[in-house]
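Chemist: Protein chains in written order, with my numbering: chain A, 14 to 264; chain B, 2 to 272.
Since the hints were made in silico from the structure, they are not lab data. Backbone N, C-alpha and C fix where the C-beta goes; we use that ideal spot for every residue, glycine too. Treat each hint with caution, since some may be false.
Computed Cβ-Cβ distance ranges for the label pairs, DEER-style [to be verified]:
#1 N142(A) x I180(B): 39 to 47 angstroms
#2 P52(A) x P170(B): 42 to 50 angstroms
#3 N149(A) x E61(B): 29 to 37 angstroms
#4 T29(A) x G93(B): 55 to 63 angstroms
#5 I72(B) x F88(A): 50 to 58 angstroms
#6 G93(B) x S25(A): 35 to 43 angstroms
#7 I180(B) x N149(A): 25 to 33 angstroms
#8 F88(A) x T130(B): 45 to 53 angstroms
Within a straight-line C-alpha distance of at most 25 angstroms, the following computed SDA-like cross-link-like pairs (lysine to any residue) qualify [to be verified]:
#9 K168(A) x R161(B)
#10 K97(A) x A33(A)
#11 K85(B) x L99(A)
#12 K168(A) x E162(B)
#13 K170(A) x K150(A)
#14 K150(A) x L258(B)
#15 K129(A) x A213(B)
#16 K85(B) x K22(A)
#17 K81(B) x Y31(A)
#18 K97(A) x I180(B)
#19 K118(A) x K265(B)
#20 K83(B) x T59(A)
#21 K85(B) x G54(A)
#22 K97(A) x L258(B)
#23 K97(A) x R149(B)
#24 K69(A) x L86(B)
#25 K118(A) x I256(B)
#26 K81(B) x T29(A)
#27 K97(A) x E162(B)
#28 K69(A) x K265(B)
#29 K80(A) x P170(B)
#30 K150(A) x V261(B)
#31 K125(A) x K83(B)
#32 K150(A) x L86(B)
#33 K118(A) x A213(B)
#34 K265(B) x G54(A)
#35 K69(A) x T172(B)
#36 K85(B) x S32(A)
#37 K22(A) x A213(B)
#38 K69(A) x D82(B)
#39 K168(A) x P170(B)
#40 K265(B) x L67(A)
Now for the letters of each chain:
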Amino acid sequence: MNDIAIEVKNLSVIFTRYSALENINLGIPFGTFVSIVGPNGAGKTTFLKVILGLIKPNHGVINVLGKSAGELSPFDLGYVPQIKTLDRTFPALPIELVSTGLNAKWPAAIGKDDNKIIMDSLERVGAGNLARRPLNKLSGGELQRIYLARALIRKPKILVLDEPATGIDWIGEKDIHKIIDEYKTDFNATIIMVTHDWESAYHHADFVLLLNKVAVCFDKPEKAFTEDYLSQTFGHVGHKHEMLFSGRHHD
Amino acid sequence: MIEAFTQSFMLRAMLAGILVGFMSSYFGVFIVQRRMSFMGSGLAHAAFGGVALGILLNTEPLWIAIPFTIIASIGITLLKDKTKLGSDTSIGILFAISVALGIIFLSLKRSYTADAFAYLFGSILSVQTSDLYVTIILGIITLLTLFRYWSRWAYTSFDRELASTDRIPVTTDDYVLNILLAITIVISVKLVGIILVAAFLVIPAASARLVAGTFFRMTIISIALGVISSIAGLFTSYLFDLPSGATIILVQAAIFLISVIYQKTSAQESI
Ligand SMILES: Nc1ncnc2c1ncn2[C@@H]1O[C@H](COP(=O)(O)OP(=O)(O)OP(=O)(O)O)[C@@H](O)[C@H]1O
Ligand SMILES: [Mg+2]
Numbered sequence: 014m015n016d017i018a019i020e021v022k023n024l025s026v027i028f029t030r031y032s033a034l035e036n037i038n039l040g041i042p043f044g045t046f047v048s049i050v051g052p053n054g055a056g057k058t059t060f061l062k063v064i065l066g067l068i069k070p071n072h073g074v075i076n077v078l079g080k081s082a083g084e085l086s087p088f089d090l091g092y093v094p095q096i097k098t099l100d101r102t103f104p105a106l107p108i109e110l111v112s113t114g115l116n117a118k119w120p121a122a123i124g125k126d127d128n129k130i131i132m133d134s135l136e137r138v139g140a141g142n143l144a145r146r147p148l149n150k151l152s153g154g155e156l157q158r159i160y161l162a163r164a165l166i167r168k169p170k171i172l173v174l175d176e177p178a179t180g181i182d183w184i185g186e187k188d189i190h191k192i193i194d195e196y197k198t199d200f201n202a203t204i205i206m207v208t209h210d211w212e213s214a215y216h217h218a219d220f221v222l223l224l225n226k227v228a229v230c231f232d233k234p235e236k237a238f239t240e241d242y243l244s245q246t247f248g249h250v251g252h253k254h255e256m257l258f259s260g261r262h263h264d
Numbered sequence: 002m003i004e005a006f007t008q009s010f011m012l013r014a015m016l017a018g019i020l021v022g023f024m025s026s027y028f029g030v031f032i033v034q035r036r037m038s039f040m041g042s043g044l045a046h047a048a049f050g051g052v053a054l055g056i057l058l059n060t061e062p063l064w065i066a067i068p069f070t071i072i073a074s075i076g077i078t079l080l081k082d083k084t085k086l087g088s089d090t091s092i093g094i095l096f097a098i099s100v101a102l103g104i105i106f107l108s109l110k111r112s113y114t115a116d117a118f119a120y121l122f123g124s125i126l127s128v129q130t131s132d133l134y135v136t137i138i139l140g141i142i143t144l145l146t147l148f149r150y151w152s153r154w155a156y157t158s159f160d161r162e163l164a165s166t167d168r169i170p171v172t173t174d175d176y177v178l179n180i181l182l183a184i185t186i187v188i189s190v191k192l193v194g195i196i197l198v199a200a201f202l203v204i205p206a207a208s209a210r211l212v213a214g215t216f217f218r219m220t221i222i223s224i225a226l227g228v229i230s231s232i233a234g235l236f237t238s239y240l241f242d243l244p245s246g247a248t249i250i251l252v253q254a255a256i257f258l259i260s261v262i263y264q265k266t267s268a269q270e271s272i
């Protein structure tokens, strides 16, 4: 029981007559990397928002770090949201956004001590040079790095990422995975990551959650990525997965 | 010039102008970033309904207008919160109801009242000592929110969902903001007038947005512009015997124009 970071029982989420998640049951052990894979509209983001306490489930319970959503501290969780249309009219700097990760409030001014911690965090994701560029002038990939720095700076036990690699170039993507893997080992953190990249899920994750309203499968990658489960999740997948995984093995 | 201050009505108007300029331009930054300027219009017209009821009942209109506008503001926030309607729709509906009520109230009054005109267009002469007390109290409350709420409202304005993940009570904070906004609008109405008060809220913040790189600077610059334009506008209005609200708005518009030019030229330099 104590080695379970996130425990989900009979969880359902219904948006006015439309059910987005149905009867999910799973336990995510501490210090594991979980990839969530599923088609658009499968409820992946919804599931993350339930973990974050942003959406209350209509049925069932969720326990994160043994606490209910109400008891959870914002510093228990780091969150990299799915890249969305940032409000480009809001005057803000990357260091300000990252400082919200540190202090959970919007800064008026940033002190010397905080500034150093924030700069370290930005350097770590390779965005040190962006610290004082207007947020609304950044590219999608640059913005993702800033959000990653914001999530890591609070040293959360659980890191929740919603398609963090979207908009990031191939080299950058390797970078980001390296940073996340390092963070996981250094802090024995639990990583929950939504991704459309089956290959990276296959190689990085300890567990894969195949999600399409229901949890089709929650298991080790080599067990989850089978023709049968994938077609249950995505409909008919043809030869895509054979092309992806043939000749490769986990570890 | 000096004699302006020896006249007690002018002194009252000046003091009220500084306070009201401070409050509106402070709340204005949230209005601008949350794209709520229609809310300013809507509440100003709700204030019209309240003022008309006050005139009909032969009491100080402000004492009726404040609760009336607060109720409208809570109504708008509730409708937005609990239904699928966008806030512009709920504002549009309450806007119309308030104005309709106001017209009926005034017509019931029969005797033609010039008072209503003072509220529509604003007037220096109309600021009473009791108004000043309300304004000072609200000024103090506003100053306190600078420390308690600024950062929360700012965070929520930037990204509502992110603020929620940090356990900011975004919905409750909305009510607090909208109620204070309602009171600010009502007390601004005497100087600026119902018709122009929405612009009065938004122009300093919009000018500040053009020149500021952070939300905190935007707030400080907006407050400075709001206070300066109120003082300058009231002076000009006194010297040339012009309506105070219109004069203040034109001063603000001039500042806005300068900000636009400043932003254009500094943007060109950085290319
Ligand atoms: N607030 C909401 N109100 C109503 N329906 C919603 C809401 N949020 C999500 N949905 C619906 O729930 C379903 C799941 O949405 P969700 O965002 O979780 O999908 P997703 O798996 O993250 O998809 P994507 O891969 O496109 O990001 C969708 O059909 C969506 O329309
Ligand atoms: Mg999603």
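Chemist: None of the hints should be skipped; say for each whether it holds.
Modeler: Here is what the structure says about each hint:
1. N142(A) x I180(B): 39 to 47 angstroms: With a Cβ separation near 44 angstroms, N142(A) and I180(B) satisfy 39 to 47 angstroms, so the hint holds.
2. P52(A) x P170(B): 42 to 50 angstroms: violated (35 angstroms)
3. N149(A) x E61(B): 29 to 37 angstroms: violated (46 angstroms)
4. T29(A) x G93(B): 55 to 63 angstroms: Distance hint for T29(A), G93(B) is violated at roughly 24 angstroms.
5. I72(B) x F88(A): 50 to 58 angstroms: Violated - the Cβ-Cβ distance for I72(B) and F88(A), about 39 angstroms, lies outside 50 to 58 angstroms.
6. G93(B) x S25(A): 35 to 43 angstroms: Holds - the Cβ-Cβ distance for G93(B) and S25(A), about 37 angstroms, lies within 35 to 43 angstroms.
7. I180(B) x N149(A): 25 to 33 angstroms: holds (31 angstroms)
8. F88(A) x T130(B): 45 to 53 angstroms: The hinted range 45 to 53 angstroms holds for F88(A) and T130(B), with Cβ atoms some 50 angstroms apart.
9. K168(A) x R161(B): Roughly 22 angstroms between the alpha carbons, so the hint for K168(A) and R161(B) holds.
10. K97(A) x A33(A): holds (20 angstroms)
11. K85(B) x L99(A): holds (23 angstroms)
12. K168(A) x E162(B): holds (20 angstroms)
13. K170(A) x K150(A): violated (32 angstroms)
14. K150(A) x L258(B): holds (24 angstroms)
15. K129(A) x A213(B): The given pair, whose Cα atoms are some 24 angstroms apart, holds under the 25 angstroms limit.
16. K85(B) x K22(A): Status violated; Cα separation ~30 angstroms.
17. K81(B) x Y31(A): Between K81(B) and Y31(A) the Cα gap is close to 21 angstroms, so the pair holds against 25 angstroms.
18. K97(A) x I180(B): Violated - the C-alpha atoms of I180(B) and K97(A) are around 31 angstroms apart, more than 25 angstroms.
19. K118(A) x K265(B): violated (32 angstroms)
20. K83(B) x T59(A): With a Cα-Cα distance of about 20 angstroms, the restraint between K83(B) and T59(A) holds, given a limit of 25 angstroms.
21. K85(B) x G54(A): Holds. K85(B) to G54(A) sits at ~21 angstroms (cutoff 25 angstroms).
22. K97(A) x L258(B): Violated, at about 33 angstroms.
23. K97(A) x R149(B): Not satisfied, since the Cα-Cα distance of roughly 29 angstroms exceeds 25 angstroms.
24. K69(A) x L86(B): Holds, at about 22 angstroms.
25. K118(A) x I256(B): violated (31 angstroms)
26. K81(B) x T29(A): holds (17 angstroms)
27. K97(A) x E162(B): With Cα atoms ~12 angstroms apart, K97(A) and E162(B) stay inside 25 angstroms; holds.
28. K69(A) x K265(B): violated (47 angstroms)
29. K80(A) x P170(B): holds (20 angstroms)
30. K150(A) x V261(B): Within the cut-off at roughly 19 angstroms; holds.
31. K125(A) x K83(B): violated (43 angstroms)
32. K150(A) x L86(B): violated (32 angstroms)
33. K118(A) x A213(B): Roughly 20 angstroms separates the two Cα atoms, so the pair holds.
34. K265(B) x G54(A): violated (43 angstroms)
35. K69(A) x T172(B): Holds, because 15 angstroms separates the two Cα atoms, which is no more than 25 angstroms.
36. K85(B) x S32(A): Roughly 18 angstroms between the alpha carbons, so the hint for K85(B) and S32(A) holds.
37. K22(A) x A213(B): violated (49 angstroms)
38. K69(A) x D82(B): With Cα atoms ~16 angstroms apart, K69(A) and D82(B) stay inside 25 angstroms; holds.
39. K168(A) x P170(B): OK: K168(A) and P170(B) at ~23 angstroms, within 25 angstroms.
40. K265(B) x L67(A): violated (41 angstroms)
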